[in-house]
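**Q** If you want the building blocks of each chain, they are given just below.
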Amino acid sequence: MGQEPIKEMAGSSTSSSEACTDPYLRCAFNGAALTALGISHSALLAHSPQGCEYLVNNAFASQECDYMETMTLCTKLCVDEIVHGGEDILARTIREVKDLPISALFVLSACGPEIVGDDIVGVCEALQPEVKFRLVPIESAGFRGSQYDGIDIAMDTILKKLVKDDVEKIPGSVCLVAPHANANPTWPADLAWVKQVLFRMGIKVVATLTHRTPIAEIENIASAETSLLLSHDAGQKAADYLSATFGIEQVCKGIPLPIGMTNTQRWLTALGDRFDILKTAEEIVAEGERMVMATCRRKWPMARFMYRTPAAIVADATVGIPLVRFVTEEMEMTPELVALYTSHRSVWELLEGELKSLGLNPKVVYGTDVYKTRKSLQEVRPRVVFGSTIERHASEGLPVAYVVEVVRMMRQFRMINREYFGYTGILNLLECVQNEWVMGWRSKERRYEAKW
Amino acid sequence: MRQIAIYGKGGIGKSTISSNLSAALHEMGHTVMQVGCDPKRDSTRILAEGKFIPAVLEEHREQLRIGKDEYAINLKNIVFKSPGGIYLVEAGGPEPGIGCAGRGVLTALQILKDLKAFSTYNIDVAIYDVLGDVVCGGFSMPIREGFAEEIYLICSGGFMSIYAANNIARAVQRLAKRGDAGLAGIICNSNGDEAFEHAFIPAFAKRLGTPFVQFVPRSPVIQACELGGRPVVEYAPDSQEAEIFRNLAKAIIENDSRVIPTPINDLAELETMYRQCLVKDKK
Ligand code: SF4
Numbered sequence: 001m002g003q004e005p006i007k008e009m010a011g012s013s014t015s016s017s018e019a020c021t022d023p024y025l026r027c028a029f030n031g032a033a034l035t036a037l038g039i040s041h042s043a044l045l046a047h048s049p050q051g052c053e054y055l056v057n058n059a060f061a062s063q064e065c066d067y068m069e070t071m072t073l074c075t076k077l078c079v080d081e082i083v084h085g086g087e088d089i090l091a092r093t094i095r096e097v098k099d100l101p102i103s104a105l106f107v108l109s110a111c112g113p114e115i116v117g118d119d120i121v122g123v124c125e126a127l128q129p130e131v132k133f134r135l136v137p138i139e140s141a142g143f144r145g146s147q148y149d150g151i152d153i154a155m156d157t158i159l160k161k162l163v164k165d166d167v168e169k170i171p172g173s174v175c176l177v178a179p180h181a182n183a184n185p186t187w188p189a190d191l192a193w194v195k196q197v198l199f200r201m202g203i204k205v206v207a208t209l210t211h212r213t214p215i216a217e218i219e220n221i222a223s224a225e226t227s228l229l230l231s232h233d234a235g236q237k238a239a240d241y242l243s244a245t246f247g248i249e250q251v252c253k254g255i256p257l258p259i260g261m262t263n264t265q266r267w268l269t270a271l272g273d274r275f276d277i278l279k280t281a282e283e284i285v286a287e288g289e290r291m292v293m294a295t296c297r298r299k300w301p302m303a304r305f306m307y308r309t310p311a312a313i314v315a316d317a318t319v320g321i322p323l324v325r326f327v328t329e330e331m332e333m334t335p336e337l338v339a340l341y342t343s344h345r346s347v348w349e350l351l352e353g354e355l356k357s358l359g360l361n362p363k364v365v366y367g368t369d370v371y372k373t374r375k376s377l378q379e380v381r382p383r384v385v386f387g388s389t390i391e392r393h394a395s396e397g398l399p400v401a402y403v404v405e406v407v408r409m410m411r412q413f414r415m416i417n418r419e420y421f422g423y424t425g426i427l428n429l430l431e432c433v434q435n436e437w438v439m440g441w442r443s444k445e446r447r448y449e450a451k452w
Numbered sequence: 453m454r455q456i457a458i459y460g461k462g463g464i465g466k467s468t469i470s471s472n473l474s475a476a477l478h479e480m481g482h483t484v485m486q487v488g489c490d491p492k493r494d495s496t497r498i499l500a501e502g503k504f505i506p507a508v509l510e511e512h513r514e515q516l517r518i519g520k521d522e523y524a525i526n527l528k529n530i531v532f533k534s535p536g537g538i539y540l541v542e543a544g545g546p547e548p549g550i551g552c553a554g555r556g557v558l559t560a561l562q563i564l565k566d567l568k569a570f571s572t573y574n575i576d577v578a579i580y581d582v583l584g585d586v587v588c589g590g591f592s593m594p595i596r597e598g599f600a601e602e603i604y605l606i607c608s609g610g611f612m613s614i615y616a617a618n619n620i621a622r623a624v625q626r627l628a629k630r631g632d633a634g635l636a637g638i639i640c641n642s643n644g645d646e647a648f649e650h651a652f653i654p655a656f657a658k659r660l661g662t663p664f665v666q667f668v669p670r671s672p673v674i675q676a677c678e679l680g681g682r683p684v685v686e687y688a689p690d691s692q693e694a695e696i697f698r699n700l701a702k703a704i705i706e707n708d709s710r711v712i713p714t715p716i717n718d719l720a721e722l723e724t725m726y727r728q729c730l731v732k733d734k735k
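From first to last, the protein sequence lines stand for chains H and L. Per the numbering used here, the first sequence starts with residue 1, numbered consecutively. Per the numbering used here, the second sequence starts with residue 453, numbered consecutively.
Same shape as in the complex, but just chain L (with noise of 0.2 Å):
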């Protein structure tokens, strides 16, 4: 089974990519799940018809209150299959203002492999869409735990989201060498300001050691498809953003780096790295 997390900042689009990128996957024949690891539980939306689906740490805090474990959750109150045929889950966090939300996410992927949902559901590639940054070290468990191997970055030409991306790539250097976890490419979310991106993000992935993977343009299909809680290659399959998740998929099967990221220790110089190019791009 292949297991891909998706990471980034906060509202960069990860949800929007993870989906697209579980139903392109679909759509080549793969069983998918996608399992939201946000407290926020909003990943698995586009795939689920715009609808909130019940997350797994809800039903066990429930287990919890009536005395029991984990193993009295039922699969099918926590996996949903979505109308396009994609395995859907979302962690979900504890209530608001209480508990960790980083450690809740790595139970619920436990509870997840306790009860055999992979081999129960013959997935094959699992997509982690997990929470915008590396807020604290219990959002990086996915990794160290080995439940997230390939890690793909998704930034844009946002500064933030680029100090983000590189902030993540430190938590990956640190945890790769624990396991088989590594950092296989770098994914642009494009926020508009294409020649920039096209300029810096592949120089970024280059200074990162890891590959360029793909470039999703800002487009409004794309945006349609949420409000319409579908993804791309379902509610426009003959798009040219059909195309571009179906590339992204075929990129993604085909890769098979997974690199100790050599991030940007100083800040200064990935400011200056990012200065540079953003001179370059006005000229």
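Just chain H, with the same shape it has in the complex (with noise of 0.2 Å):
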């Protein structure tokens, strides 16, 4: 201890001739996608080159749309396009589904027509007498960031061109923002356990920006009170837009997301604090922990066995920073590695906050790449890793016992949402550690480098 934390930010540790750096993220255009594709009762037409479309269709599947409800289209540009600009067969296409029964056509463009110089929103603007829905187009190209940049790009727009002004504020509301900008592959159930909490602390909510999200809610936004910013990785522009724009006051800004016994129990008490029904807040701490206590007395997770063994954290901030904490407080692990895919100051400011309030001292990485993970873990040899798939495979030939898949980058199929925030979360987070733990034993091989 005692030590500065050794910072990396993006690209700063290698050249890139040294090494391939595979990033985590997809482009801007997956994460447009991902937030035009949870307002329901809507289609989303990608202007782009039919590639580019498979990142729709990812986002289709992380937004859980169901396609009896919802359309993607996409203009299939080719090289005459990128000649010629493809105005006129976007401008075809709109023309083509000019009946759908939906409230907006969300229209993305990716990189091949932006270069080219493609309007859309000249094109939409011009098309818009012509059809029955809101067209909306979204500039995001993949080439503006990754796709949290995306998820900030659409919700910009989305915004300044739905929300409406002049609508009055309902006392204890709030506007939920950016939940599916987290790393856990079944998200929505982050944000089932949000909405469940809200309820019975009586906030209502306004709209969730975005997922299943009706065009009403949107545009109703201004009504809300609050703003509840459910990602560390995106929507910060977003809530201070709300905030600026609407005077829509952002609560529990600033600490980590509810994973864990103590982030949960600071989360909501803010909350509480915030809405004045502390009482409220302190019960469903108080069930909650007790709840998280007996299970482990029924079920005693042998995982417990893993006490100061050195821990690496590889994951987005949304997930990452609260479970720093988890790790250290929950699991009595000791992290000697956290890398994060993003790395913008306010991901900076909360996780050293973080790491001073525990004392701990991690080798920190920020903005983090394949290639900088894997020299990291070479580095650090961690007996256990909280990451992904993708970790499972740069930790080989090194002597890390575990690799905790709380974060898969890999699809893996699952019918069940399982949330990480709140106290269920716990457990699941638990058990995921618990069956690694398992796994282990099962493998003759992995059985021997985890016993020696």
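Hints were generated in silico from the structure; no laboratory data involved. Since this is a predicted model, take the numbers as computed values, not measurements. Some clues are possibly wrong.
Cut-off 27 Å, straight-line C-alpha distance, at most; resulting in silico cross-link-like pairs (DSS-like, lysine-lysine) [unchecked claim]: (1) Lys76/H x Lys520/L; (2) Lys98/H x Lys520/L; (3) Lys503/L x Lys568/L; (4) Lys702/L x Lys76/H; (5) Lys161/H x Lys98/H; (6) Lys98/H x Lys169/H; (7) Lys161/H x Lys132/H; (8) Lys533/L x Lys503/L; (9) Lys253/H x Lys132/H.
Label-pair distances were calculated between CB atoms; the ranges are [unchecked claim]: (10) Arg454/L x Pro23/H: 43 to 53 Å; (11) Pro129/H x Arg517/L: 41 to 51 Å; (12) Cys588/L x Glu329/H: 38 to 48 Å; (13) Glu352/H x Met725/L: 50 to 60 Å.
The C-beta atom is built at its ideal place from N, Cα and C for all residues, glycine as well.
Each chain sits in its own coordinate frame; assemble them with the hints.
**A** Encoded structure:
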């Protein structure tokens, strides 16, 4: 202890000639699609080549859209549209679907059309009188940044284009921001937990930006008294915009999301404080903690034997920052590496505040990529990694005994959503650790490694 | 078939040199096609009596509009014969403000190839007159895709034209490693400062590792021909200028040098070289 954490910003530690730097994150186009597909009774038109459209499919799955309700379209651009521009084909496609029974069509542009100067905003404005639904152009070329930048771009457009400002404030109400910027593969469960808690506290959710959100709710966002950001990776810009434009106060600002006992307690208390319902917050905390402890007593997870084991956390900031405390306090391990996909200042500040308050001094990598993760794992040599399938491969050949796959970049089929937020979330995380520990004992080779 | 590309800074006189070169080659008995690779589509005007001919990409756009593709294009609508007998093509470009002109040039060249334009007209020398500077990767595509094999740089004594030529040489250096393309030489289209140009441009060519092929003086005869919409060898066949273009055509046909150039990577070095020559010239 006592030393400053080692900080590495994106791109600072390796030259491009030294290694391939595979990113963890998809492009801005994916983030924009993820956001637009969270609005119900609408359709999405990808003004892109068909390769980019794959990201729309991915976003479709992540937002759990129903193909019976949500239609996605693509202009499937080819070289002709790169040479001559793709505005004609965009206009033609919009006209072809002009009678769709939807409230909005989100038109998203990918890299190609933005490079050659297609004006999707102009095309949408020109065609608006011809169609029955709202046309919402989102300039979201992948080169604008990562999927988090795409989420911010899309939320900015949606707010500026759709929100009405002549609405009455609803006392004790909240607007939920960016629940989908969360590397928990079944993040809708986190959102559901938040909604359930808010319901119990009597706080009204005016709108969710975005998940199965009707346009009417988006239009009505200005009536919210507060906003609640559900991600550390994206959405701060939207929360700032809501605050500056409609006087919507951001609550629980600057504290980690509710993953683990202390984080959940702190987050619920902040909410209770703001809405003057501290008693209900305390009840939820007490019940939750009782439930977690009773469950642990009954099931007695053996993974508790990992006491003081050196651990690494490789995740987005949303899951990764709260995990630091969970790993330290609940699992009683010692985080020796924290590698986060994102690198913006608010992430720095939040993580450093947590490390300071926990008295930890791990190696910290911001804006990590797969190569940097591998190098850091080689350097730190943890016994346990909280990460994804990627880290399972990245730690091959290293003395990493357990990789707890809490954030899965690769797809793994799950029918039931499982939250990490809140008290059941703690049990879900414990379950992941326990199963990984058990799996270690199932493999002869890994059992040997784990033991010795 | 010889595939010759003329590159240089915008306004340096590439179209003038290309057109007069095409005419001189035609006079030598070659079947020549001049392909303008500039969205302004003004390369072939001198050979077409001052008229603009329809461009490949315009025709292509029309076909796309009616739901057809490039194979619906009739060669007769994109390849024109000048009164002097030279085949003329203008690649054209997308509508201003949209699309990618660089990729467009390549598409136009590909259309010519796909429609077998060169073999249909038995072309033995194709001259590509390529847009001013290497403004983006798209304009180096004719080199990258193997359309332009022999590259000539046009420059004058003006620093910016030298700077552009050096930049193009850098692109050629990068791309020549991929295929058969190489720098074949430098042509000076004089801006009037002949003493300096005679001193500097051959030295610059030497520095790039390529031959200095021809000096073309600033001349009222050439300007008059341009205004008249005819090449010098047709308009003033007995003039000294016509002889210069005949020499240029002969030199190009005989030149089999293709080098990977050695451009100056440091702008300060180029400036110093230029300044030193300028000082000597003034002395
Ligand atoms: S980076 Fe651009 S080209 Fe690649 S998938 Fe994203 S939008 Fe498409």
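**Q** Holds or violated: are the alpha carbons of Lys161/H and Lys132/H at most 27 Å from each other?
**A** Answer holds: Lys161/H to Lys132/H is near 17 Å, not above 27 Å.
**Q** Sort out whether Lys132/H lies within 27 Å of Lys253/H, counting only the CA atoms.
**A** 40 Å, violated
**Q** Please verify whether Lys76/H and Lys520/L have alpha carbons no more than 27 Å apart.
**A** Holds, because 16 Å separates the two Cα atoms, which is no more than 27 Å.
**Q** Taking 43 to 53 Å as the hint, is the beta-carbon distance of Arg454/L and Pro23/H inside that range?
**A** This hint holds: roughly 47 Å between Cβ atoms.
**Q** Verify the proposed pairing of Lys161/H with Lys98/H, using a straight-line Cα cut of 27 Å.
**A** At roughly 20 Å apart (the allowed maximum being 27 Å), Lys98/H and Lys161/H satisfy the hint.
**Q** For Lys98/H and Lys169/H, compute the direct alpha-carbon distance and say whether it is at most 27 Å.
**A** 35 Å, violated
**Q** Kindly confirm whether 38 to 48 Å is satisfied by the beta carbon distance between Cys588/L and Glu329/H.
**A** 55 Å, violated
**Q** Taking only the CA atoms, is the gap from Lys503/L to Lys568/L under or equal to 27 Å?
**A** Answer holds: Lys503/L to Lys568/L is near 25 Å, not above 27 Å.
**Q** Given the hinted pair Lys702/L and Lys76/H, is their Cα-Cα distance within 27 Å?
**A** 49 Å, violated
**Q** Taking the CB of Glu352/H and the CB of Met725/L, does the distance hold inside 50 to 60 Å?
**A** 53 Å, holds
**Q** Is Lys98/H within 27 Å of Lys520/L, Cα to Cα?
**A** Holds - the C-alpha atoms of Lys520/L and Lys98/H are around 24 Å apart, at most 27 Å.
**Q** A range of 41 to 51 Å was offered for this pair. Does it hold for the Cβ distance of Pro129/H and Arg517/L?
**A** 23 Å, violated
In summary, the structure is inconsistent with hints 4, 6, 9, 11 and 12 from the numbered list given earlier, while agreeing with the others.
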